[in-house]
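Undergrad: The chain contents come next:
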Amino acid sequence: MRNIVLERIVSLFLYVMVGFALFLLFRGHNRPGGGFIGGIIAAAGFLLYGIVFGSEKVLEKIRVNPRYIMGSGLLIALLAALIPMTLGKPPLTGVWTSLAGIALGTPLLFDIGVFVLVVGMIVSIFTNIMDVLKWNS
Amino acid sequence: MEQLAIVLIVLIFLMGLMVPVLRPLLKNYTGRILALVPFALFGALTFLFFSLPDETARIVETGFGFLPEMQFSFRIDGLSLIFGMMVSGIGGLVLGYSSFYMAKYAGKTKFYFFLILFMGAMLGLVFADNLLALFIFWELTSITSFFLIGFDHDKDKPRQAALQALLITALGGLCLLFAVIMIGNLAGTFRLSELYSQGFHFGAHSQYQTVFLLIFVAVATKSAQFPFHFWLPGAMNAPTPISAYLHSATMVNAGIFLLLRLNPVMGGTIAWKGALILTGGITMFIGAFFSLGQKDLKRILAFTTISALGTMVMLIGMNTTASIKAALIFFIVHGLYKGGLFMVAGIIDKNTGTRDITRLSGLLKSMPVTSIAGILALLSMSGLPPMLGFIGKELIYDAKVQMPELSWLVVPLGVAANMMMVAISILVFYEIFIPRKNKPAIALLHKEKELPGNFLAGPVILALIGLGLGMAPGWLNNILSNAMFYVQSQAVDVHLTLWHGFNQVLLLSIFTVAMGTVIFILRRPVGKLVGIIIPWTDQYHLPEKFNNLISNYLSFAGKHTNRIQHGYHRYYLITFFMATLLLIVYQLLSAGGEWFHPSESSPVRMHVVLVLIISAMAVLFAVFSKSRLSAIVSMGVLGYGVAVLYMFYGAVDLAITQFLAETIIMVIFVMVIFYLPDFAVLSSKKSRIRDAIIALSVGAMMTMIVLKARFINLEEPISQFFAEKSYLEGHGRNIVNVILVDFRALDTLGEITVLALAAAGVFTLLRFNPIKKKSEK
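Protein chains in written order, with the numbering used here: chain X, 1 to 137; chain B, 1 to 777.
Hints are all accurate, no fakes.
Covered by chain X, per the in silico footprint, the following chain B stretches (three or more residues, Cβ under 8 Å):
#, stretch
1, 653 to 662
2, 725 to 731
3, 734 to 747
4, 752 to 763
The hints are simulated quantities; they were obtained by calculation from the structure and are not laboratory data.
The model shown is predicted, which means the values in this text are computed figures rather than measured ones.
We put the beta carbon where it would ideally sit given N, CA and C, even for glycine.
Take these sequences, add in the hints, and give me the full structure.
TA: Structural data, given as C-alpha cells:
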C-alpha cells in the first residue's frame, strides 16, 4: 500500500538530510560535526528513503555503485595524505592555504574523504541487506 | 648517458605497469613495440660499453629511497654492463619473439605485464648499488617469475612448478636479506661503492661463516645448484619465451651475479672455495648427466642450464683471475646459446607440434634458417670454433688446469661434463636437424617463409652474435678488464683470442670432442645406462620429496589451526575476555595506590541517576527478554542512555556520533531480525551462569579501570597540547575533529580502511553465493 504523504515527505527530507550533513561536514572543524557525523546523517537520509521506496530506488537516486563511492572516499583521504609528501613533508601533515579569509587545508580534504567513505559504506551495506531480503516495496 | 640508462630502466618498470592500458591500443603489435624500450636501453648500454674507461664505475643517485640506508642508487661498471646488456638485449628479442609465439594464448596482458616487470626487476638487481635495493629486486624477480612459470594457471603442473620455484627461491631470498643486513652492520654501509672503496673484506670475522652460509643458500636456490636444482626443470612448464629468458640471461643467473658482486667483500676464503667448487662441480656433472636421458627438447636444455650454472659457480669458487675471467665469458656464451636454443625449440614446437627429439627429424631441409641458427648455438654449446663458446671453454680449461691444489678434481669433472655436453649437442643435431632415411621428416604447420621475421630474429641474431664475438673477441677486452677490476679488486688486462696456440688446453679440448663423439656413437648403451640410473635416483626424486614435505607441513599446520581456530564465536569471546580480565586485574591490583578520593565526591545529580537507572533497566530487560526484537530495542535504549550521558558531560561530538550510529544499527538490526526465527533456549543453565559470571567480571574490571585511571599517569597528558595547538596549527576550534582529521589522521585513515573492508565483507557474505546465482538464472 502506497502512502503518498510519507513518500513526498521522505523524498523531500532526503535533500534536507544531505544538505544538513554537508553543513555539518564543513562546519565540523570549529563546532560539533565533521566528516563521520555528516556521513552518517547523509546515509541515514538514504536509509529512510530506502525504507520507503526500496533499495533499487536508492541506487537509482545516487546513480553510482556505492562501493565506488566508498573507494573514492578512501582515495580522497589517501590523496590528502599524499599531498604533503609532494611538498617534502611527512605524509598527513596539514597543508593550509587561505581563500578569501577562509583557511582551507588537506585536513578538510581528508574529512571529505571520510564523509564520502562513510556514506558509501552505509549505503552499500544496507542496500545489500535490503536486496538479499527482497525489501523492494 | 648513465642517467639515460637508469631512466630507461625506470621506464621499463612503468611500461610493465602500463601494459593493461597499452595492450588494447597496440593490439598484436604489443610485443614488438614494447621491445623498443629494452633495445633503446641496450643501445645506451652499448654506448657506455665502449666509452667506459678502465677501473671506473659510474654511480647514479636517484635520491629516492625507503630509508636513509636504502636509497635506490645505481652503479654502472663492467660487471653490471655485461649482465645488463644481456638482460636488455635478450629481453628485447624475447619480447619480439613472444609477439608471434603468444599470439594464440589467452591472457597476453598478464604475460607482458609480468615479463616486463620481471625484466625491470632483473635490470634493477644488476645495476643496484645498494645491497638492500638489490635484495628488493631479487625478491621481485622471484615473485614475477612465479607468475611467469605458472602462466598456464589452469593446469596442475605449471601451478606446482611455480609454487615450488617460489618457495625455494623465497627461502633463498630470506637468507639473502639476513646476509645483507649482517654485511651492512659489519661494514657500516649498505652501498657497494663504499664497500669496494674501503676494500672491506670480512673473511676473518667470526660471523663470516654465518653470512657465507646464508649467501650460499641464496645463490644455490636461485641458481639451481645441487641439492636445490630440481625446481629449474619444472620451471620449463612456462611458455617457451619465458624459459628462454629465465635460463639465458636472468633469474638463475642472478645467483651468479651475486657471487661476482660479493667476491671482493667475502670471496676467496676456504669456506668460499670449498663450498662453491664442490657444489658447482656436482651440479655441473649431474646436470650434464641427466640431460642425456631426456627426450623433451626443452628438458634437455633445462638440464644443460643446470650444468652450465654449476660450471659458473665452480669457476667463481676457484677465485683465480683466470677462473673469474672464464666465468664472465661463459656467462655471455651461455646466455647467447641458451637463449637461441630455447627460441629454436619454441619455433620447432610451434611449427611441428612436438618437442620430442625422437619424433623430430630432417628440419635442416624444411626449416633452414632456424636450423642453422640452432646448429650455430649447438656449436657454441659444445665449445667448438669459431664460436664464442670455444673461447669460453678454452678459458675454463685453462682456469682448471691452473688451479694448483685442485686440478686433479676439477679437470676430470669438467672434461666429463663437457664430453656429455658435446654428446648431447651432436645427439640433438643428429636427431632433429639431419634428414635421415629410417626416420620420416616431420610435417610442418607453416612453411618457414611464412613465419614472421621477428619470430626468427631472436635465435638468428643471438647465433650471429655468438659467431661474431668468436671471430673478434677483442671487443670484449675493455669491458672484461673493467668487470675484472671490480670482481677481483685488482687491475687485470684481458686479451681474448680465438686461437690460443697448440697447448695442453687445446689437447684437452680435442680429447673432449673425441670422447663426446664416442659417447654419441655409443648412445644406445649409454642411454641404457642412464636409463638404469635415472629410475634409481628417482627414488630420491627431489621435486616429489619437496612436495610431500610441503603438503605434510600444511596438514600439520591445518590440524593445529583447527584446534586453535575452532570457529565458535562464544569461545573466542570467552578466551578474549578472560585473558584481558586476568592481565588487567593483575596489573591494577599490583599497581596499588588509592581507588577513590573523598575530595572528588560531588553532589548526586538526579538527572544523571535517572538516565543510569533507565539504562540499567534496559540491560536487565534485554537479558531476560524472550523476544529478539524487544531485546534489540532495549539495547538501543542503553545506547541512547550512554549518548545522553555524553551530552551531560559536554562531549557533544561523541554524543551525536553515538546517537546516529545507534539509530542506523537499530534500523539495520530490525530489518534483519524480522527474518530470523524466534528465540530458542539452546544453552544449558550451567553455561548461562558461566556467561553471566564472565560478563559481570568484565563489567567490574571496566569499573575498576575507570576508577583507577584517574590516579595513573604513565605519561604527561597530551590534552593540553591538543587544546593549545588545535586552533593555532590545526585551524579548528573543535578539538575532537582536529584530532580526528589532523593530529591523529593516520589512525583515522586506518579506521576508515577498516570500515571499507567491513563493507566489502558484508558484500561478499551476502552476495558471494555462486550456487544460488546459477539457480536464479
